[in-house]
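Engineer: Below, each chain spelled out in residue letters.
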Amino acid sequence: MAWFKRSKDNIASDTQKRDVPDGTWIKCPECSEMMHKMQWESNMYLCTKCGHHFRIGSEEYFKILLDEDSFKEMDKKLRSVDPLNFEDTKPYKTRINDTMKSTDLSDAIRTGTGKINSIDVVICCMDFGFIGGSMGSVVGEKISRAIDKAIKTKYPLLIISSSGGARMMEGAISLMQLAKTSTKLAKLNEEKIPYISILTNPTTGGSTASFSMLGDLNIAEPKALIAFAGPRVVKQATGKDLPPGFQRAEFLLEHGFIDFIVNRKDMKDKLTQLLKLICN
Amino acid sequence: MALQNYLDFEKPILDLEQKIAEMRSMSDKFDISSEINKLEYKVNILRKDIFEKLTPWQIVQLARHPERPYTLDYIYLMTNNFTELHGDRYYGDDKAIVGGFANLGDKPVMIIGQQKGRDTKSNIYRNFGMPNPEGYRKALRLMKLAEKFNRPVITLIDTPGAFPGIEAEERGQAEAIARNLIEMSNLHVPIIVVIIGEGASGGALGIGIGDRVLMLQYCWYSVISPESCSSILWRSWDYKEQAADALKLTSKDMLRFKIIDRIIDEPVGGAHRNHKEAAEILKKALLEELDGVSKIKKDKLLDNRIKKFGEMGFWKD
Ligand SMILES: [Zn+2]
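One line per chain: the protein sequences are G and H, in this order. Residues 13 to 292 (our numbering) are what the first sequence spells out, left to right. Residues 6 to 322 (our numbering) are what the second sequence spells out, left to right.
Fair warning: there could be bad hints in the mix.
With a straight-line Cα cutoff of 25 Å, these simulated BS3-like cross-link-like pairs (lysine-lysine) come out [unchecked claim]:
1. H:LYS305 <-> G:LYS166
2. G:LYS89 <-> H:LYS321
3. H:LYS289 <-> G:LYS164
4. H:LYS313 <-> H:LYS288
5. H:LYS263 <-> H:LYS305
6. H:LYS313 <-> G:LYS166
7. H:LYS289 <-> G:LYS204
8. G:LYS105 <-> H:LYS263
9. G:LYS105 <-> G:LYS49
10. H:LYS100 <-> G:LYS252
11. H:LYS305 <-> G:LYS161
12. G:LYS127 <-> G:LYS113
13. H:LYS289 <-> H:LYS302
14. H:LYS321 <-> G:LYS164
15. G:LYS252 <-> H:LYS313
16. G:LYS204 <-> H:LYS321
17. G:LYS88 <-> H:LYS302
Please keep in mind that the hints were generated in silico from the structure rather than gathered at the bench.
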């Protein structure tokens, strides 16, 4: 599916440390504003001038959303294997190992429990920096176990998506992770445990066509790209010009697929308010 | 059956078959039966040789064979009293997904599948078997009807993918597929899924959750087509054969990965060589499977279904 559509960004992401740029000065890609890194970090990785939401990883999201020291990571040792013995221009095994080294991550998602203003939650956050946030067996299994945890503890479930879709190097097995996560969500739904899906830039392909769209509430960050087929694929398939703002969070809100858009700065407060409204 | 369209690797078989047919037409004038027998022996060996050594790419080509039976062919050949139902009740009637009640043997069932066209005109009408969101929503509506009237569901998968169009995105292609995945997981009647041709990605899986998943012998099932995989990972369209190898997309691979439960054999030379026989084989298998799932209690059925998909994948802990 589609994580690969911005191939320069992701396949080459082996060299990039998570999604947060290095260097002391940060330039906004939207308005070219120069910011000091500390200034930018304390602004929750938003442009201080135009509010552009930079892509961040699980480490940063957990820091933003969870009460200090409340995060307890689950299933840290889960690792991808190479069931297909897949090789394109590079063996999948090598790709995984290289990416693990360059990102300090074990796969494209981290899961655990934590507290949001003292409210217990099960939380999952994807890392786009790990092979384009692609969903293979490990992502599927970690989400599946997080759902089990939510069922067991009755804590609400939060999943922060940032994904190019299913991981091609696991072929149909990665496709089955759409089925796996959705069937488990069916069970969570039966138990009437809330699931809030937070869609960030970008959420496309297999993730969107499964768990990311299945929140009791779907929330997006401003201007996040949210799609089944990415814009490049749609343009190629139809040969048509895409309407302005196509597949951005505001577009999805207008078409009825997300409940509301929240600025990252307000996310923790908004989630607290919501959780109090829907949890006992 | 003379084929209008054939694949490169089918050509030597078809040439020999044609020669045999020509000799047969002369055999009332001359006694050439021993030569015919010799040629028949030869064509059998040749066919066996070619079909036993099919490459994954050749299997992809067979799955897309323009003369392969499609969903409606199977429905008409396998069932009686098929009553096609239309529309998702929200937006429209997607021609790339068909479905309705029918009798399979003496069993009333709901049967749903993606539908391709056979020529340019019908392919445009069927959108080349690429559903829009309303197709998945129609499929779900029919499944809910089946649940209400306690009829098992059979889905037939044959699609090059969900349609990547502007309107499809606007109307929530991802949501429509995701919704089907969660709803099919919790549908209180048995579901039997059969991959009858192409099983391309989310567009295929959108009707692909079931208690039993069967796959015809010469089909492919994967997260992406070999062509797209080639263009993305090799940055060129020229590596589709390597991509087909790498993706491990054949029915044998699917059985090995426990993604399917059973491979359904195709007639000699592929389902396109004998639609009637292909349908008979599939019908027999479906009746066996229906018999099996109908004996499972409802609660157990759903638990098993969630467990089945919940266990899919390979990792180390
Ligand atoms: Zn800016």
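Engineer: Against which earlier hints does the structure fall short, listed by number upward?
Structural biologist: 3, 7, 9, 12, 15, 16, 17
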